[in-house]
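Here is what each chain is made of, one letter per residue.
2 protein chains.
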Amino acid sequence: MTKLYVVGTGPGDKDLIAPKAIAAVKASDELVAYGLYLDLLGDVCDGKKHHDLPLGEEIGRARLALNLAASGKTTALISSGDIGIYAMATLVFELLDQQLQGKENHPEWLDVDIEVVAGISAMQAAASRVGAMLGHDFCTISLSDLLTPWETIEKRLHSAGQGDFVVSFYNPRSKKRDWQINTARDVLLQYRPASTPVVLGRQLTREDESITITTLDKLDAKDVDMFTLVSVGNSETRHISYDDKQWVYTPRGYSKKL
Amino acid sequence: MTKLYVVGTGPGDKDLIAPKAIAAVKASDELVAYGLYLDLLGDVCDGKKHHDLPLGEEIGRARLALNLAASGKTTALISSGDIGIYAMATLVFELLDQQLQGKENHPEWLDVDIEVVAGISAMQAAASRVGAMLGHDFCTISLSDLLTPWETIEKRLHSAGQGDFVVSFYNPRSKKRDWQINTARDVLLQYRPASTPVVLGRQLTREDESITITTLDKLDAKDVDMFTLVSVGNSETRHISYDDKQWVYTPRGYSKKL
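So the sequence lines, in the order shown, correspond to chains A and B. Just so we're aligned, residue 1 is where the first sequence starts under the working numbering, counting upward by one. Just so we're aligned, residue 1001 is where the second sequence starts under the working numbering, counting upward by one.
No wet-lab data here; the hints were simulated from the structure. A couple of the hints might just be wrong.
What the hints assert, rightly or not - A short list of chain B residues far from chain A (calculated; beta carbon distances all over 12 angstroms):
no.	residue
1	Gly1035
2	His1050
3	Thr1090
4	Gln1101
5	Gly1135
6	Lys1155
7	Arg1177
8	Thr1183
9	Gln1203
10	Thr1214
11	Leu1216
12	Asp1217
13	Asp1223
What the hints assert, rightly or not - When the alpha-carbon atoms are kept at most 27 angstroms apart in a straight line, the in silico BS3-like pairs for lysine-lysine are as follows:
no.	chain 1	residue 1	chain 2	residue 2
14	B	Lys1103	B	Lys1155
15	A	Lys14	B	Lys1003
16	B	Lys1245	A	Lys26
17	A	Lys175	A	Lys222
18	A	Lys103	A	Lys155
19	A	Lys245	B	Lys1103
20	A	Lys155	B	Lys1155
21	A	Lys175	A	Lys155
22	A	Lys49	A	Lys14
23	A	Lys48	B	Lys1014
24	A	Lys14	B	Lys1103
25	B	Lys1003	A	Lys245
26	B	Lys1155	A	Lys26
27	B	Lys1014	B	Lys1003
28	B	Lys1155	A	Lys245
For glycine and all other residues, C-beta sits at the position ideal for the given N, C-alpha and C.
Please model the entire structure based on the sequences and the hints provided.
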């Protein structure tokens, strides 16, 4: 039996990595991941063979993981966060699907036993660090238009606005993409107040974590980079503060019953 | 310093509970939770005082947790999944907000040091068990109209359809609410094909887990109960099968580049 673990290691804090993820890494001989993710994992990676590929080589990374596993080496494909959310897991299945359609020539991939281990995603880390921002219906939108046409993204922005969902933006900005987050802000401002709470979480749960609570009208690309998770409240999300404490929460409506 | 941990223990599998959640329970003297959640935690709860309240007493549970913590007892308020997603965390902050507005008379609550520990939510467990269903933009909608007017929920269903989000339904059905999931299906059928993959995950990652992969036109309330997480794919979500394997994944569009 050949085995491929597809593992999410959570937002960064080692204490937020599920034991199942650690066990999967331990059971593996070969690790396919960015070096940074392995640094977060620590000792458990010692003695494993580590395969890295440059950013942008996502397909290559998934292909390598399938090839290694198919060759009989127990392999872990690793990303931070939840590997099932805007991450590598879906690429593994896209490749298998291509094989089934005869567009690849790797029948051995189909013999690989695949196990996906979910992890805590950045939006959850952000929500927990500020209180309970995801307390009611929410959506996620990736602002990367490398693979998704901008028209599709813009349609989703309008839908998120119309539906009054809390919105978490993944991939809000990169070196080459600097205008999308401001456009997203302007779309949402058509549907919800300028005072809507916004949370910028950078390097969440890591040593250099920084969290900024602002408002929708003040959201600006200059305060956002590729390590930032941006969450925008819905029309009922509240920002409260007292003493040295600040919280952002999205009510479910219990207070009407209090 | 008085301390309240607000802790999510993940979908059910003990190996999916973050070490940080275990540590929070260990550090606490008093636990406020359904008994079932503590059964999942196991030994770590031994010797702690356990407070339970009937289903429907959510406000009472949050209030009790704040009162216990404010009285100087380190307390953990616990739920399964991510306590920040459709769960108890937001109630704690709703109560604090009420206090700040002078609608409660518990100034001692404001001295409580609160720490929220996120967990893996049911939608993530479902997605990982079938492959990578949340590989692209998604939303969550609670179908409980106990606190949210049905008009708001229906508006969100239409928005989810228009935006072509993968949709995960929480609280899809209860003893008294049996028609909402079928109405939700009918709304989504206005926007995406009858053949859209749907995943029903019941008791996810637990011993009696059952997972059914079906299609949107065949989604029916009779196959859903209050322990079921229902995820509906977007228009590009694929269900593939070979040998004894079945996977559902939502592509990000890499295959166009293959």
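- Indices of hints not satisfied (ascending): Hint check: 3, 4, 5, 6, 14, 18, 24, 26 and 28 fail, others pass.
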